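With the hints as constraints, model all of the structure from the sequences given.
If you read the sequences in order, they're chains R and P. For the first sequence, our numbering gives the first residue as 2, with consecutive numbering after it. For the second sequence, our numbering gives the first residue as 3, with consecutive numbering after it.
One or more of the hints may lead you astray.
[Said to hold, decoys possible] Label-pair restraints from in silico Cβ distances: (1) R:R92 <-> P:V623: 32 to 40 Å; (2) R:A86 <-> P:V623: 25 to 33 Å; (3) R:Y22 <-> P:A599: 38 to 46 Å; (4) R:K91 <-> P:F581: 33 to 41 Å; (5) P:T606 <-> R:L25: 30 to 38 Å; (6) P:K598 <-> R:R89: 36 to 44 Å; (7) P:A599 <-> R:Y88: 34 to 42 Å.
[To be verified] DSBU-like, lysine-lysine: derived pairs with alpha carbons at most 35 Å apart: (8) P:K367 <-> R:K103; (9) R:K91 <-> P:K598; (10) R:K91 <-> P:K368; (11) R:K103 <-> P:K178; (12) R:K28 <-> P:K178.
Hint data in this document are derived by calculation from the structure and do not stem from the laboratory. Since we're looking at a predicted model, the values are computed, not measured. Idealized CB from N, CA, C, for every residue including glycine.
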Amino acid sequence: MTVGLPHVLTLAALLFGIGLYGALSRKNAVHVMMSLELMANAVNLNLVGFSRFVTPEAMTGQFFAVFSMVVSAAEIGLGLALVIAIYRRKRSVELDAVQELKG
Amino acid sequence: MSMDWVVLIPLLPALAFTVLAPLSRAARARLVPVAVAAVLGSLGLSIAAFLAVWPGGHDAVWQGSFTIAHIGDRAIPLGLALEPMSAIMLLVVTVVGACVQVYSLGYMHREDRIGWYYAVLSLFTAAMLALVLSDNFLGLFMAWEVMGLCSYLLIGFWHEQEAPRLASIKAFLTTKVGDLGFMLALAVVYAEVGAFDFATVLHHDWAAGTATLVALLMLFGAMGKSAQFPLHVWLPDAMAGPTPASALIHAATMVAAGVFLVVRAFPIFEVSGIALTITLWVGLLTALLAGLLATVQHDIKKVLAYSTISQLGFMFIALGAGGSTAALYHLVTHAYFKSLLFLGAGVIIHAAHTQDMREMGGLAKKLPVTSLAFASGSLALAGIVPFSGFWSKDEILTVLLHEHQYAAFAIALLAAFITAFYVARLWFRVFTAPTQQKELHEGHRSMLAPMVALAVITAVIGFFGPTLGDFLGHEIPWPALGTAAISTVAALGGIALGWYVYGRRTSVVNTQAIKQRFPHAYGVLANKYYFDLTYGYFVVGGYTALTRALATFDARVVDGVVNGAAAAWRSLSAAGWTFDGRVVDGAVNGAASAVKAAGDKVRTLQTGSVRGYQTLVAGAVVLLVIWILVKGA
Chain R
2 MTVGLPHVLT LAALLFGIGL YGALSRKNAV HVMMSLELMA NAVNLNLVGF
52 SRFVTPEAMT GQFFAVFSMV VSAAEIGLGL ALVIAIYRRK RSVELDAVQE
102 LKG
Chain P
3 MSMDWVVLIP LLPALAFTVL APLSRAARAR LVPVAVAAVL GSLGLSIAAF
53 LAVWPGGHDA VWQGSFTIAH IGDRAIPLGL ALEPMSAIML LVVTVVGACV
103 QVYSLGYMHR EDRIGWYYAV LSLFTAAMLA LVLSDNFLGL FMAWEVMGLC
153 SYLLIGFWHE QEAPRLASIK AFLTTKVGDL GFMLALAVVY AEVGAFDFAT
203 VLHHDWAAGT ATLVALLMLF GAMGKSAQFP LHVWLPDAMA GPTPASALIH
253 AATMVAAGVF LVVRAFPIFE VSGIALTITL WVGLLTALLA GLLATVQHDI
303 KKVLAYSTIS QLGFMFIALG AGGSTAALYH LVTHAYFKSL LFLGAGVIIH
353 AAHTQDMREM GGLAKKLPVT SLAFASGSLA LAGIVPFSGF WSKDEILTVL
403 LHEHQYAAFA IALLAAFITA FYVARLWFRV FTAPTQQKEL HEGHRSMLAP
453 MVALAVITAV IGFFGPTLGD FLGHEIPWPA LGTAAISTVA ALGGIALGWY
503 VYGRRTSVVN TQAIKQRFPH AYGVLANKYY FDLTYGYFVV GGYTALTRAL
553 ATFDARVVDG VVNGAAAAWR SLSAAGWTFD GRVVDGAVNG AASAVKAAGD
603 KVRTLQTGSV RGYQTLVAGA VVLLVIWILV KGA
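Pasting the structure below:
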């Protein structure tokens, strides 16, 4: 059996679903960020898959995936820094612990 | 060399007024030296002008004019001209003006409003200088009116008190009655000649009737300004002003302006014989009656005031007899000796703290300089050789004899006799009678120096009479021995009588006794011939009623209109205020509170819960996807 576009898309959809579930159900900020990473990688997988099977001669999708990964790495660095800062103030990484921006 | 600097002579004091007038009271008081410097500058320029005119003659040395207005196709020029007569008058005005201003530094130094006093004095000096320099009747009239204003302001200088205030109004209105005559004369002149300048007007070919009309109207104006009967009533009251101002305005210069006007317009008077005769009799009446009034006054300044009226009468006598040069001569000598007497009276009043001669006495020992200077002025006024009044009075008597006016000569001689009598009365009462006060002190240097200068001038100026005549292009001869003898006898007789009544060591003057011996005569004199009562009854009453009616009109109608307008404006602005509060502020505040209410609603979206936001985003994405699926199909 050869791997085709449907397999890739299915895997990406599964990954996105798992990520979405994790992001909505977890209280721990680190867990939520891991879930967000899963969702971002599902998107990256879509990009690579479409690039390979729909426009194999153009490398646009793959470049975009690499670009997206770099941005995600920066984003997760920033996010973890925020989590550490919050932990220092609150001694907790629970999302419900931060409510200061309530209007 | 251009002589345009002559303009500066009246301009310097005018500038001093312009500098002083708009300032505060304190700043004016500090800048008093500006006024003194201005008049001293004018004095210097006047001497230069005199030297430039020397040796005199008839012609103008310098002339300048500019057009102030065009009426239709006619231009109205105003000009100044420097000729011998104006050069003489410039010297008189600036010498007396400078003396008075220096003297006032001492006399007025305790006054708060000394700056205002100097400002008005400067304006007056400027106007008088412009008057004597003017080469036309219109400019002369304008300066004449400015002087009237200054006279009013200075008489009413102490306007907190009632007497000066009333005196200033009386002086202003009485002279204004005369000014009306002058103004009508100007109208007739312009209708007849079509110009105002002396050269054109005086060389006009006058018909006798028109000339009489113009001359009489001008004479009426001159009578108001020079305080001749029956318009003399303002001058004695004008003594309520500061004494140095009286010396300048009400003795030396402004009151002489009437005489000066007649001298200027003399050719017109000569055309009309009647006008000359009337001038002569106005002068005679004034000289005699005012002299008599001076004999019963107790206020030293009022004696001098009536004396001034009487001496101005002498000038009118000279004019009426055809001797305009003699009149001008007497004007010059009188300006010096009478301002000297007034300045002396100022020192006496300062020393004695009263103006009542009955409370003075023995001042000769305590005030040596003043008494010597005063003696010079008194002898000049009495007409004793060699003091200046002797020469000019003799000149007037000579003219009368020359014109065969024997009745007039007799009356003038009688007036001279009375003059000598009241001078002696004043002198013996003030200077030699028993001392009644302990603390008497001589005036300050700044007050004595001008008096000494004037006293010296008074003592020596008589010897320059013929020179003055040559300078004016006329003849002033040395007095003939006969005339001089007669007038000297009259003067000595007057002084002797004065000594007999007031001067003897044993004499105790009992006014009550005199009053009882001559009840009618004394009553008439004490009531000043009932002039004030008559005017009060016939003229002032109506005038006061008119002013009351106008005041009522002012209060009811004018104030009503003004206050009504104010009330209307008030209610309008109240309505505007309400509109502003309700509508404009309402709109602005309403917009603000609407935004606030919306904000209160919207802020509840901001829960601060991260997981809430996540749910929101996820839900939105789901809805978006569903929408795309439905729409995309």
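Hint by hint, which ones does the structure fall short of? 4, 5, 8, 10, 11, 12
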